[in-house]
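Residues per chain are reported as follows:
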Amino acid sequence: DQQVKQNSPSLSVQEGRISILNCDYTNSMFDYFLWYKKYPAEGPTFLISISSIKDKNEDGRFTVFLNKSAKHLSLHIVPSQPGDSAVYFCAASRSLWQGGSEKLVFGKGTKLTVNP
Amino acid sequence: ETGVTQTPRHLVMGMTNKKSLKCEQHLGHNAMYWYKQSAKKPLELMFVYNFKEQTENNSVPSRFSPECPNSSHLFLHLHTLQPEDSALYLCASSHNRAGELFFGEGSRLTVL
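The listed protein sequences correspond, in order, to chains A and B. First residue of the first sequence: 743, per my numbering; consecutive thereafter. First residue of the second sequence: 6, per my numbering; consecutive thereafter.
Keep in mind that the hints are not guaranteed to be accurate.
Said to hold, decoys possible - Only part of the chain B face toward chain A is listed, based on derived beta-carbon distances under 10 Å:
no., residue
1, Arg14
2, Leu16
3, Tyr40
4, Asp90
5, Cys96
6, Gly111
Stated by the list, open to error - Once the Cα atoms are required to be at most 27 Å apart in a straight line, the calculated DSSO-like pairs of lysine-lysine come out as:
no., chain 1, residue 1, chain 2, residue 2
7, B, Lys41, A, Lys796
8, A, Lys810, B, Lys46
9, B, Lys41, A, Lys747
10, B, Lys46, A, Lys853
Said to hold, decoys possible - Beyond 12 Å from chain A on every Cβ pair, some chain B residues (computed):
no., residue
11, Thr60
12, Thr85
13, Phe107
These aren't lab readings, by the way, just hints derived from the structure by calculation. Every residue gets a Cβ at the ideal spot worked out from N, C-alpha and C, and that includes glycine.
Please build the complete structure, drawing on both the sequences and the hints.
Laid out in structure tokens, this is it:
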């Protein structure tokens, strides 16, 4: 049973436009969400995170939105650049103080291609 | 020098071989992790060590044996693996908080 789902295996956008990557989760106890980016032949790198007490977190061109009632989060990249082409993983965890293990549960990833 | 270093980057082994994957982190983190990434599957957590103590074993078969001699080093000993164990094995570390993992580049394992 997949607790974190990224239903789009791939996404293609034009340079300069907005990229929107989506992620859904099923466990309502998750309270911390992250996006990781992975280039071929490299390990994933942390991109941006959001706590469940917020609904938006912005860092430069990257913004993550969290809709707790829908159990949905999205990553917006604007403007998209060719160097953003990578696989993006959504991940979620439940904090220790909430009885969780701080174990990250990952989605399968979405491959983003930004065309020049 | 990268924060999390994994060796070897590529490994091919037969089902009767014994080999080990090594991970070293230079970030001063307290927690280290082994993840497995198979094709078209999510990253799967295998083991977690916190201050050298194993805090999580995610129902991993005994043919995978982790070792954490100190907070900076983590090994994954491999013995009598199956072809379906072929995957990318990623090591990660984190400070004492939820979430932010720093990953190594991975060890690509092929079992023949």
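Indices of hints not satisfied (ascending): The structure breaks hints 2, 4, 7, 11, 13; every other hint is satisfied.
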